[in-house]
Amino acid sequence: MSVLAPPEPALTPVYSYPDALTHVPTHYCPGCTHGIAHRLIAEVIDEMAAKERTIGVASVGCSVFAYRYFGVDFAQAAHGRAPAMATGVKRVRPEALVFTYQGDGDLASIGAAEILHAAVRGEQITVFFVNNAIYGMTGGQMAPTTLLGQTTTSSPAGRDRATMGTVLRMSELLAQVDGAAYVVRRSLHDVVQIKRAKKAIRRAFEVQEQGLGFAMVELLSSCPTNWGMTPEAALGYIRDEMVPAFPLGDFKVPETRAEAGA
Amino acid sequence: MSVLAPPEPALTPVYSYPDALTHVPTHYCPGCTHGIAHRLIAEVIDEMAAKERTIGVASVGCSVFAYRYFGVDFAQAAHGRAPAMATGVKRVRPEALVFTYQGDGDLASIGAAEILHAAVRGEQITVFFVNNAIYGMTGGQMAPTTLLGQTTTSSPAGRDRATMGTVLRMSELLAQVDGAAYVVRRSLHDVVQIKRAKKAIRRAFEVQEQGLGFAMVELLSSCPTNWGMTPEAALGYIRDEMVPAFPLGDFKVPETRAEAGA
Amino acid sequence: MHGTVTVDETLCKGCALCIPVCPKGLMRVADDRFNARGVHPAELIDPANACTGCQLCATMCPEAAITVYRAAKVA
Amino acid sequence: MHGTVTVDETLCKGCALCIPVCPKGLMRVADDRFNARGVHPAELIDPANACTGCQLCATMCPEAAITVYRAAKVA
Amino acid sequence: MTFDVIIAGFGGQGVLFAGQLLAHAALDAGLETTWYPSYGPEMRGGTANCTVVISDEPIGSPVTERPQAAIVMNLPSLVRYEPLVRPGGVLVVNTSLIDRAVERDDIDAIAIPADDVAAELGNPKLTNMVLLGALLARTSALTTAQVGATLERVLPARHHHLLGANHAALARGAELATEAAARDATPTA
Amino acid sequence: MTFDVIIAGFGGQGVLFAGQLLAHAALDAGLETTWYPSYGPEMRGGTANCTVVISDEPIGSPVTERPQAAIVMNLPSLVRYEPLVRPGGVLVVNTSLIDRAVERDDIDAIAIPADDVAAELGNPKLTNMVLLGALLARTSALTTAQVGATLERVLPARHHHLLGANHAALARGAELATEAAARDATPTA
Amino acid sequence: MARELLKGNVAFAEAAIRAGCEAYFGYPITPQTEALEHMAVRMPELGRTFVQAESEVAAINMVYGAAAAGVRTMTSSSSPGVSLMMEGLSYMAGSEVPAVVVDVMRGGPGLGNIAPAQSDYTQMVKGGGHGDYRQIVLAPASVQELIDHTVLAFDLADRYRIVSVVLADGSLGQMMEGAELPAMRPPRAADASPAWALSGAKGRDTNLISSIHLDPDEEERFNHHLQAKYAAIEAAEIRYEEHLLDDASIAVVAFGTAARLAKTAIAGERAAGVAVGLFRPITLWPFPTDALRDLSERVEAILVVEMNMGQMLEDVQRVVAERCPVGFFGRTGGVMPMPEEIAARIRALAVELGAAVSDAPEEVRT
Amino acid sequence: MARELLKGNVAFAEAAIRAGCEAYFGYPITPQTEALEHMAVRMPELGRTFVQAESEVAAINMVYGAAAAGVRTMTSSSSPGVSLMMEGLSYMAGSEVPAVVVDVMRGGPGLGNIAPAQSDYTQMVKGGGHGDYRQIVLAPASVQELIDHTVLAFDLADRYRIVSVVLADGSLGQMMEGAELPAMRPPRAADASPAWALSGAKGRDTNLISSIHLDPDEEERFNHHLQAKYAAIEAAEIRYEEHLLDDASIAVVAFGTAARLAKTAIAGERAAGVAVGLFRPITLWPFPTDALRDLSERVEAILVVEMNMGQMLEDVQRVVAERCPVGFFGRTGGVMPMPEEIAARIRALAVELGAAVSDAPEEVRT
Ligand SMILES: Cc1ncc(C[n+]2csc(CCOP(=O)(O)OP(=O)(O)O)c2C)c(N)n1
Ligand SMILES: Cc1ncc(C[n+]2csc(CCOP(=O)(O)OP(=O)(O)O)c2C)c(N)n1
Ligand code: SF4
Ligand code: SF4
Ligand code: SF4
Ligand code: SF4
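Heads up: the protein sequence lines correspond to chains X, L, V, C, S, E, A and F, in order. First residue of the first sequence: 37, per my numbering; consecutive thereafter. First residue of the second sequence: 37, per my numbering; consecutive thereafter. First residue of the third sequence: 109, per my numbering; consecutive thereafter. First residue of the fourth sequence: 109, per my numbering; consecutive thereafter. First residue of the fifth sequence: 26, per my numbering; consecutive thereafter. First residue of the sixth sequence: 26, per my numbering; consecutive thereafter. First residue of the seventh sequence: 33, per my numbering; consecutive thereafter. First residue of the eighth sequence: 33, per my numbering; consecutive thereafter.
Just chain X, with the same shape it has in the complex (with noise of 0.2 Å):
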């Protein structure tokens, strides 16, 4: 943690900025919670010391910039490609901590063969998979997380199951698949739920150093933007229409040690 002067000298900080953060201010809109996802990754690198040896790999959509705001090394892959990317990176620096960051867009449409192989191959990345249902950075089209009956810029009428399909439910689907050692999802739109990520964030993380294969943890995000919501809005939304859809929970630990208190 950065320490900042504190207000008065007898204070200590109990929580500051983190360090693996870069101390930019993000262009993310206001109470877009890509903002509590990025400052809680930080925060477990922080944790585990990991700053000098992790390397993140940033997908195309509104986290494209997460470069930006950590203070680690960072590839920028093509959209839907970080677990290839990742792959490629893991291999040959196996002693990197390296994670993705990838919204629903990027993983589960156009991205969805590369997170699938990765799984399958076990490969020995962290995913970070934040879902907001929605395509932001293009401003606010249907993904396949977009709820059935949503209205969103290319479902305009809402989601319709008959041309549409509906909801494809990542985590539930790289459970099945040997290779996934922790997959798992959580949501941030509450403090509790917000303290649960971090847990889950920091097991995905410790997965990966003990070399148990590939890890994911899926994030329920807001994108008041594009859901047109106030920010407190939004995230009353996931937690009244998202997370009936994406239940939360544990599809998948490692055997050896089953995760607790998550």
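A hint or two may mislead.
Claimed, not checked - Restricting the straight-line Cα-Cα distance to at most 30 Å, the calculated cross-link-like pairs of lysine-lysine (BS3-like) are: (1) X/K235 <-> F/K261; (2) L/K231 <-> V/K132; (3) X/K235 <-> C/K132; (4) C/K132 <-> X/K231; (5) L/K235 <-> V/K132; (6) A/K234 <-> L/K235.
Unchecked claim - Cβ-Cβ distance ranges computed for the label pairs, FRET-style: (7) F/E273 <-> A/P357: 28 to 34 Å; (8) E/D130 <-> F/G386: 41 to 47 Å; (9) L/M265 <-> X/A198: 42 to 48 Å.
Unchecked claim - With the Cβ distance kept under 10 Å, some of the chain C side facing chain X (calculated, not the full set): (10) G111; (11) V113; (12) T114; (13) T118; (14) F142; (15) P170; (16) A172; (17) T175.
Hints were generated in silico from the structure; no laboratory data involved. Even glycine gets a Cβ: it sits at the ideal position worked out from N, Cα and C.
Dock chains L, V, C, S, E, A and F with the ligands against the given chain X, drawing on the hints supplied.
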């Protein structure tokens, strides 16, 4: 059925060459069960009297020439993209019976995103997935379906879990997806299984006719050439090695009418 | 006579999969001749008219090379 | 005094997510000023020194804009 | 005759709509016109701008580095566009949100407290119309009457109850600009 | 000097290996050489062929439309390659599998019942060596001795117990070809 | 229809609909996304097909399928997305299906940015996929042309069983301009299907849509057939604009938005007495080779202006064959060349050529 | 090392290993698959990385990752597979990572066939992806050169932080020929990593591998930086072969296998008294522009021979600028131009030029 003159006038043909095949000798290796899959599909097309409204989409693999053998309109898709191409066909020809015919390299490796999303969208197409646990056409490389320890030309020391992951079971995976209406696995290794396979093929076409959603029949198939076995031994390999890794069964059947007797 | 089968020798690849499935053991590879592909085609050897027309051979044949006949019933 | 928080106004986006989570209701949007982004930043209004340094606001803040302090304990 | 203007501010201030209205009005007046927005993640930062070109001949560039006029609705926009307006051009400044003075003296700078005016008119969403009215008063491209007429055509029917307020905003902006001009005795562009 | 030969037959008849052996031997003899196989699904049909070029200068094309020699191990190969051999060239025919006679009379056609000879020698896999021996006897590119020596180098150690049989097959093929030549009194190429 | 203020992306999408496009498959990407969004509203309204594909790879293969089934179909995308279509486009060329692709180009290489550029010239005009193939490439310079070219693209695609590309850029896609949409074509009769298309082999032999020719001789014959078709297109479909070239000693050669920007510069320079005109290829393939060759015999110098580092330039050089000097001015990476800059280049060239030119007029519109 | 009989695909794979390739990512495709299979055996043996990717899209992005991490890495494929790499290659150009791609070209377009062809010239030499970028492209004409060019490709890639392409074809990949492999380079020291590479930011600022430049001005500056690098490569790395050109009145211009086939034809025609020679670009980019221009001033005619419908031809025409007539002879779709056919074209040209030529000798080797 194209009825040949019987060897003796008192005899009636009870089984003869299907009408929906072209009577062209195939390029398949002797004993390759691609031929059985072709025959069964053709028999069902005949039984449904659907020859004049069926459109097939061939993939890239040993079955790349499937169009030569089926007496129906055909397209030949790019490697892995048959489900996308079939989507294009079916959306603009909803009255046609549209099927893809894909190998395991094609469907489970390079085409993983396309098959997954055809299922997610609940495309009204029927997919025949011929799983021989290897890349036949290109001379026997590892597929995502290759068994653990199986030697192939690209896993010369046997498929190794640590670097190559382990078998991807596509039927189990796709059955997870809401848009998938009918997903079953059958085998072609003996007469009983072949008869079951045919029933599933029929059902899969019916699911399309009834507009119930995406339908897929996975068929465990042999590759005597690249497995380095006699045709008969190859059938034994399916039975003894593949079936345990790829359990036969119905992973998803339409709720409205459970598959009986398969 | 119950049934019989013919093998389309232009289609047959001599894979021999039809042989073990015949319950009467009536199929064999004709090693006295090659077809245009250069393989010995399968043939039915049924001097005792034992073939029942059960279609197991045809069900197994990857080349759809086998036609099966049965004695016509007056139905 | 148990604790206090500071808000880094260059980072704060005025999203107001820190406000409802404060169990003591001590956070608010400072509508008397804009930051460089043109938004009203959040601020702690704690005349009674009620802040416990519970960190809930910081946990919620997407911008990691909040630093939380507690009175040093002699451990 | 060719006229170009950049309208810039925060997203949500009606920057893009004001520009579109101007372009629609130009088209209605039988002129050539282009409207060109900032787009994509650039808008994520909260700023938006658009360029409108109006001409009696086919238009080459829909963008310009040195506009004849600019409307700036917030401080970052003033900082960015003040230096770019052509000498002799017009700069309309929303002083409700901008407390910095215009530094150049070779342009016609018009200070309008547009948010306050809009609030006075009873609808804070009218800021853009107030500023547009001011611009029209100090340039010869189109008249407020022309723009007002176009507004009736392009405003979706469900918003027609707001027509009066919009007209009023345009008129008030024009009025303030004319007053200011008279005060400053600065020649108009 | 440049020499080219196509070796063709069913997959499994040792077509590709016979060609490789020839190419290895050429390299051992300090000559330039290329070996070019049929590949891909073409082989799925059950046929295989390769072209070997041997020269004392750098080789341009590794393929040829009109070879100086061909070894045909089955009927389809005879049908395909008989018309292509250059006038005066050599055509070695495996009469064990081919009952059709060679029709051209402007080439040196050598009939060798190679499968039978191989069977006589106790190993049906030696067909290719018998035919290669015959070719070598009727062409001047390399000698059976050169090829035999190379065989010792390139045959994997685990197959070295077969060396004797291979030598015998080469020699027997050469012998039969020489006898046939004497019989026909056809000039060699 | 009257002239309306239309956004480029919306305009070409609506034009496609009116030209009879029955199926649209696409994937969002800035700066073309409004086209997809327009299709998402309009196509279902009209009972036609709109599918948001899982990727551009899938989108082009869906287009391939719909085209194989004989309907008018299209996709639109922007540079990185278009790169993902190269295999599919090569297949479509190899099986001669008609379709339309609109590329709203942006800055590159790689992820680059979303600003307007013209640096997909090579990949679209020369064929970024494998094999010897061609696509008709139309380069609009206004929203009106974007509309007209989209309609034309469908007609040419059908006429020649070829992929037609409308090569636009971010500025054309994003800007609004006065333009007129064509009337809605009557819908295709349900049974009107090209003879070669997949529709179920009822009462006819089966049809096959495929790009495989395992036998090289057959593949070569097919390629010669393609080349013959391409030659026919080159003979019949070349389009270009000549502007103020009659007495010009300097010709600017530019396409699309660059040409439009150049026109402003040319107007200014003409006013200053420079004998400069514009040669604008409208079809980038077939390229207006003969007209440009003729021109190169008449003018003293050519200035190629592009929003890239000189891609069309190579074609111009090839055709001009050093008959006159060919200069180049390019801005790239999403930067548009401003008329003033182009004018300065023209001016410099004129001075070099010794032409008598007055000073630039005070007020050249930029 | 002694000369061995080596299959092209195996030879370049082993050459890559000996050049220090630490990671190979690929996907099977005929006619290059033996390379992947060789890597599958050898790389694990040496403790290096071999991954069979799920597709060519994944393969190139894995290469991108390994390259970003600073190791020597490569992939190999053939035409349709290479088309799927266009986005990835554009990204790699846009972030300046070094890597090697071997393209063993086959007949197209589309699925086409697996026979040798040279019709990926445009996509590899001009950039089939979006944006203004270049790749070094080496065109070997023998198994020995396939080996040497692979090693060179790695060295050039590292020197310039660029993608180097070895543009081979099915015949080079499939044939065996006598060739010598280089010695095994000593393995890279565990800590030897380029300063820009991703390795964990220990004791230094963080590194970033990215192709995004949202600000057009910045993107343009980056493009100018790329162009400067490309100019440096053009100044230093052009390679070509001149064969029997000193007194030639006819020059055949051909690359790779086509050049090799032409050599046989040239030998025959020389014997018949035709003053013909060969100009063989070895680097297709950077293209040997100056040497070819010089040549076009010396010879009376040029005949371009390719295994495509005339792709390099356009570059030759551009450079020659009609200084002399440029003829073309191409076979495509997997057909190789036989020396006799090439010879006939040369002969016809010679006759046209009025040269005195004797009849062809009886026994020209084909
Ligand atoms: C090949 C390609 N296709 C499309 C795009 C455009 N694009 C950029 S971001 C994005 C979607 C991002 O959505 P998501 O992954 O859900 O992330 P979010 O923005 O919601 O965080 C798309 C389609 C691109 N950059 N590249
Ligand atoms: C883009 C692309 N990549 C690779 C290939 C080469 N290829 C042809 S078939 C095939 C694998 C086929 O295996 P599978 O799908 O399992 O079918 P099988 O041959 O076993 O029936 C591959 C990789 C290709 N044609 N196109
Ligand atoms: S568009 Fe949505 S996902 Fe993107 S930064 Fe804004 S709120 Fe976040
Ligand atoms: S290679 Fe295998 S899958 Fe292909 S035809 Fe032969 S046996 Fe069948
Ligand atoms: S199963 Fe069919 S192909 Fe095989 S031997 Fe019997 S008849 Fe012939
Ligand atoms: S949560 Fe953070 S960014 Fe949002 S208002 Fe509070 S301090 Fe500011």
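Quick rundown of the hints versus the structure:
1. X/K235 <-> F/K261: The hint is violated at about 47 Å.
2. L/K231 <-> V/K132: 20 Å, holds
3. X/K235 <-> C/K132: Roughly 26 Å between the alpha carbons, so the hint for X/K235 and C/K132 holds.
4. C/K132 <-> X/K231: Within the cut-off at roughly 20 Å; holds.
5. L/K235 <-> V/K132: With Cα atoms ~26 Å apart, L/K235 and V/K132 stay inside 30 Å; holds.
6. A/K234 <-> L/K235: This hinted pair holds, its Cα atoms lying about 26 Å apart.
7. F/E273 <-> A/P357: 28 to 34 Å: 32 Å, holds
8. E/D130 <-> F/G386: 41 to 47 Å: Given about 42 Å between the Cβ atoms, the range holds.
9. L/M265 <-> X/A198: 42 to 48 Å: Holds: the Cβ-Cβ distance is about 46 Å, inside 42 to 48 Å.
10. G111: With Cβ-Cβ at 7 Å, under 10 Å, it holds.
11. V113: 8 Å, holds
12. T114: Result: holds, 6 Å to nearest chain X Cβ.
13. T118: This interface hint holds because 6 Å falls under the 10 Å limit.
14. F142: Result: violated, 13 Å to nearest chain X Cβ.
15. P170: Result: holds, 3 Å to nearest chain X Cβ.
16. A172: 5 Å, holds
17. T175: 4 Å, holds
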